[in-house]
Every structure is written in C-alpha cells, then in structure tokens.
Amino acid sequence: MSYEGYSISVHFACSAIKAAQRSGLDEQALLQEAGIGQRLLDNAQMRMTSLQFSRLMLALWRVGDDEFMGLAPSRSRHGVFALMARQVIGCRRLASVYYRMARFYNLVNDSLRLELAADGGQTAFVMRLADPEHDPEHLLREVFMLLWHRFASWLVGQRIGLREVHFDYPQPANHAEYRLMFPCPARFSMPDCRLVLDPQCLDMPVVQTPATLREHLRRAPLEWFTRPSYQAAFTRSVSDLFQYDGAFRDLGIEAAAAALHITERTLRRRLALEGARFQALKDGLRRDLAIHYLSQAGLPISEIAQRLGFSEPSAFTRAFRQWTGDSPRAYREAARA
810 MSYEGYSISV
820 HFACSAIKAA
830 QRSGLDEQAL
840 LQEAGIGQRL
850 LDNAQMRMTS
860 LQFSRLMLAL
870 WRVGDDEFMG
880 LAPSRSRHGV
890 FALMARQVIG
900 CRRLASVYYR
910 MARFYNLVND
920 SLRLELAADG
930 GQTAFVMRLA
940 DPEHDPEHLL
950 REVFMLLWHR
960 FASWLVGQRI
970 GLREVHFDYP
980 QPANHAEYRL
990 MFPCPARFSM
1000 PDCRLVLDPQ
1010 CLDMPVVQTP
1020 ATLREHLRRA
1030 PLEWFTRPSY
1040 QAAFTRSVSD
1050 LFQYDGAFRD
1060 LGIEAAAAAL
1070 HITERTLRRR
1080 LALEGARFQA
1090 LKDGLRRDLA
1100 IHYLSQAGLP
1110 ISEIAQRLGF
1120 SEPSAFTRAF
1130 RQWTGDSPRA
1140 YREAARA
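Count the sequence shown with the working numbering and you get residues 810 to 1146, in order.
For the record, the hints were derived by calculation from the structure and aren't laboratory data. Heads up, the beta-carbon is just placed ideally off N, CA and C, and yes, glycines get one too. Treat the hints with caution; some may be incorrect.
Here are the in silico distance ranges between beta carbons for each label pair [unchecked claim]: (1) ALA1081 <-> ALA838: 28 to 38 Å; (2) ALA1064 <-> ASP874: 24 to 34 Å; (3) GLY1118 <-> GLU1083: 43 to 53 Å; (4) GLY1118 <-> ALA1020: 32 to 42 Å; (5) ASP919 <-> GLY1118: 25 to 35 Å; (6) GLU973 <-> ALA891: 25 to 35 Å; (7) GLN1105 <-> ASP874: 25 to 35 Å; (8) ASP1059 <-> GLY930: 43 to 53 Å.
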C-alpha cells in the first residue's frame, strides 16, 4: 500500500483532546503537532489519517508522560508499554505472551488488572479498570483493547482470531467504527472488557525478534493505529485488487470475481462470511485514499478525483459529501484550520 494506513473517525481525536484538557495540557499544541485542524473536530462525520491520530496519541503520551492519558487513578509513564514489549519478545508462544503481559502490568500499575482466563469453555484476555469513572469517553479501554490484539498479532505475524470482543460500557455512538478496529462482533454492557480468543491461537509461535521489535517500536504508535495487512483472506484480496502501483482501480464485482477466478456469487458469499461487502470495501477504500490525498497540500482536487476513478470532480465532490458530510475543499480547509 502506498500510503500510511486508513482513515479514523475524529471521535477518537475528540476523546483524546478531552483527556488532554482534563490533564491540563495545551490541546492546541497537541493538535498542531499532530497536524489536525481544530475545525476538523467540529464535524462528527469527519475522519483523519492514521498518521494524524498516531501523532496526536504520541504527543499526548509524551507531553503528559502518561500512556493512560490521565484516564486512570495512577499514570503509566511514557515508555512502559515498550518496556513490556521487550519483556514478551522472548516468549515462544502466544499464550506465554498474554500471561507475561498480564503479569507485567499487574505488577507495575494498580489502575488495571489483566488476566488470561479460561472459563465456561471460553478463553479470553481480560482487562478490568480499577475505576472506570476515570475513563468517561472509554478511550483508555478502546485504545488498550486494540493494542492487546494488534501488538500480539504482530508478534505472531498473523491476525489472532477473535470470536467476540467485550466492553463494560453501553454501546457508544461510534459503535460502527468497532468493525474497523476488531475482526469480530463487539458486545457492550458486559461485566468486563475481554478479547474472546479462538483457543487454537494460543499455540501460535512468536515470529518476531528483538531486532524487528526495535524497528516496530520506532514506528509506533502508527503501527498500532493502522488497520493491519493481515485482513481476512478475501477482504484482503479484494482490497488489493482495487489498488495497482499506488493508484485506485475502479473495478466492479464481476471483474473482481473474474480476477480471483471465482464466480460473483461465490465472492459475495466469501466476503459475507468475513463480515464484509464488496461495495462497502470499495467506498471505504476510496474515502480513505481521498482523505490521504487531501492531506497533501500540492495535489489539486481535480487530480484526486481522477486518481480515484471519478469521471469528473463534481462526481467526487458528491461522493465525498456523502462519506463525510462536507466537500473535499471544505475538508481540506478544516483539516488545516
């Protein structure tokens, strides 16, 4: 892929800025460091790049010296997650990774409890906050549940299968975003937060090394907030078909099925089994590429429309307005304001 990841709802940036305000940090300085315009946060439909959000999170962790972002009774100093990562890189199997993650955080911080639990025929990595009231926007739980899955998946070199992901708060307004975050159904108002694992995943071998970990941490947190390349098989294949040499290819489902040497009906069925739809994949990729291109100041909107396969700029403008509620030009201005 020729650009850094996919787009992310500005909801998460708004939650991060609220956390910064509660901690007494300069939110405007954080937004400036991330390259996010204040006006972008005023429209809940807007999206930002993975790079923008990762820069915001890194600035928040670094300036506040707290990877818990002030959303827990006691802070977790910036660098603690990296220290944990260096502790688990020597594990041989995924089960050991989760055991050691839990032991590490349970020793160094009382703000959360982690556990690899097996009960009722279910194996899960469980997180409980000591005081959930410190996390009113759920950002701490959203971010760390994502990290427990994505960092561990990176360690074993493939997506860890999840049956469900549980959260101990009511379904939020941005619940549709969870389908982009986790490869499984999300359940809310549950007793705790947990990744319900496919049991066979626990035997997955760790394939990363101290050398690859150093490079991974150098790129963090972008690696964690970019949708991973190990998507489900047909979702990944279709996504790849839409891109060629960094450009978008405007394929219909019939052409995509032919390229994959299967019938259109089979492709629809396989995607449905992975929780995906052809048109939604196409629209989502177009939207994310559009947001990426609009972040590049020297790229005319007419050229962006052409790159995305639109017959004319006005067609691109109509589509972008449907995706975000605003025009490409207004989005570009808001992102820099």
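Taking the hints in turn, this is what the structure says about them:
For ALA1081 and ALA838, the hinted distance range of 28 to 38 Å is not satisfied, since their beta carbons lie about 46 Å from each other. For the hinted restraint 24 to 34 Å between ALA1064 and ASP874, the CB-CB distance of approximately 52 Å leaves it violated. Between GLY1118 and GLU1083 the C-beta distance comes to about 24 Å, which lies outside the given range of 43 to 53 Å. Our hint of 32 to 42 Å for GLY1118 and ALA1020 holds, since their Cβ atoms are close to 40 Å apart.
The hinted window of 25 to 35 Å between ASP919 and GLY1118 is violated, with their beta carbons roughly 53 Å apart. For the pair GLU973 and ALA891, the supplied restraint of 25 to 35 Å holds, since their beta-carbon distance comes to about 29 Å. Range check, GLN1105 to ASP874: about 33 Å between beta-carbon atoms, so the 25 to 35 Å window is met. Under the hint 43 to 53 Å, the C-beta atoms of ASP1059 and GLY930, about 46 Å apart, fit the expected range.
Hint violations for this structure: numbers 1, 2, 3, 5, all remaining hints satisfied.
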